[in-house]
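> At position 16 of the sequence shown the residue is numbered 16 (this note's numbering), and the sequence of numbers has no breaks.
Mixed in with the good hints, there may be bad ones.
To be verified - Computed cross-link-like contacts, DSS-like style, restricted to lysine-lysine with a CA-CA straight-line distance of at most 30 Å: (1) K50 - K40; (2) K27 - K40; (3) K19 - K5; (4) K27 - K5; (5) K19 - K8; (6) K27 - K8.
Just so you know, the hints here were simulated from the structure itself, not pulled from any lab data.
Since the model is a prediction, treat every value here as computed from it, not as a measurement.
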Amino acid sequence: MNWLKSIKLTFGSGTQASKLWIDEAEKEREVLLEATWQIKALSRNERYAKNMELIRSVPGIELITGMLFLTEIEDLY
Numbered sequence: 001m002n003w004l005k006s007i008k009l010t011f012g013s014g015t016q017a018s019k020l021w022i023d024e025a026e027k028e029r030e031v032l033l034e035a036t037w038q039i040k041a042l043s044r045n046e047r048y049a050k051n052m053e054l055i056r057s058v059p060g061i062e063l064i065t066g067m068l069f070l071t072e073i074e075d076l077y
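Based on the provided sequences and hints, a complete structural model is requested.
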């Protein structure tokens, strides 16, 4: 994002608009990071930890996809 902030635009309106978009993108990134941390913490929960270990052994399934499966399907047995 820093390189976007460093770009000098010709008109003030362009500078203001780009600042708003950059600020919005930074806020969205913070929300995404917080959600990812919460999902990671949930995956370590006693209820999901063992199944997460199993499901992540499947190639291509990582944290988000694994938790999506486990929370939607609930009980694998």
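> Between K27 and K8, is the straight-line Cα distance small enough, at 30 Å or below?
OK: K27 and K8 at ~22 Å, within 30 Å.
> Is the Cα-Cα distance between K19 and K5 30 Å or less?
Answer holds: K19 to K5 is near 7 Å, not above 30 Å.
> Between K50 and K40, does the CA-CA distance stay at or below 30 Å?
holds (14 Å)
> Check the hint pairing K27 with K5 against an upper bound of 30 Å on the C-alpha distance.
Cα-Cα ~15 Å, so holds.
> Given the hinted pair K19 and K8, is their Cα-Cα distance within 30 Å?
This hinted pair holds, its Cα atoms lying about 11 Å apart.
> Do the alpha carbons of K27 and K40 lie within 30 Å of each other, as the hint requires?
holds (20 Å)
Against the hints set out earlier in the document, no violation occurs for any number.
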